[in-house]
Amino acid sequence: MSTQTQETMKAAKKVASFIEEFRKLNAEMQAQQMAIFLAVAAKPDLTVTDIANATGHSTSSVSRNIAALGKTHRKGLPGLDILVAVEDPIDRRNKRIRMTPKGARVMAALEALI
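Throughout the sequence shown, residue numbering follows the numbering used here, covering 54 to 167 in sequence.
Across the chosen pairs, the derived CB separations fall in these ranges: (1) ALA162 x GLN85: 14 to 24 Å; (2) VAL139 x THR61: 35 to 45 Å; (3) LYS124 x THR61: 38 to 48 Å; (4) ILE72 x ARG146: 30 to 40 Å; (5) LYS128 x ALA65: 27 to 37 Å; (6) PRO97 x ALA165: 13 to 23 Å.
No more than 25 Å apart at the CA atoms, straight line, and that leaves these computed lysine to any residue pairs for SDA-like: (7) LYS155 x GLY123; (8) LYS124 x ALA161; (9) LYS148 x GLY109; (10) LYS96 x ALA84; (11) LYS96 x MET82; (12) LYS124 x HIS110; (13) LYS96 x HIS126; (14) LYS77 x ALA65; (15) LYS148 x SER116; (16) LYS66 x ALA95; (17) LYS155 x ALA107; (18) LYS124 x GLU164; (19) LYS155 x VAL139; (20) LYS77 x ALA157; (21) LYS124 x GLU81; (22) LYS124 x ASP134; (23) LYS96 x VAL137; (24) LYS124 x SER114; (25) LYS96 x MET160; (26) LYS77 x ALA138; (27) LYS148 x GLY123; (28) LYS67 x ALA84; (29) LYS96 x HIS110; (30) LYS124 x ALA107; (31) LYS67 x SER55; (32) LYS77 x THR153; (33) LYS77 x GLY129; (34) LYS148 x LEU99; (35) LYS77 x LEU166; (36) LYS155 x GLY129; (37) LYS67 x LYS155; (38) LYS77 x ALA161; (39) LYS155 x ALA69; (40) LYS124 x MET152.
For the record, the hints were derived by calculation from the structure and aren't laboratory data.
Glycine included, each C-beta is placed from N, C-alpha and C at the ideal position.
Build the full structure now, drawing on both the sequences and the hints.
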């Protein structure tokens, strides 16, 4: 087996382990939700618009997914509680998105896989 093939297999296993870590939270977690969580982990205090620009998703989709990743899903169902929207003190119309303590633990588990 070539070195490149071995490296590709190793990288694929890391990606799969990342996905499995997310799936521990929700077996049906979508890739879009993973991308949104990682965007916030990489740069906390982004707005919904910032996250939409960073991920290429619409603002309505980002808002919907943040609700699912927050404490309460938009339909009143329990969310994953890994992100929280905090009112922007400068512009109260905006919300800044941050990881919760549970979200920080998830990120630490992901970092341990690297």
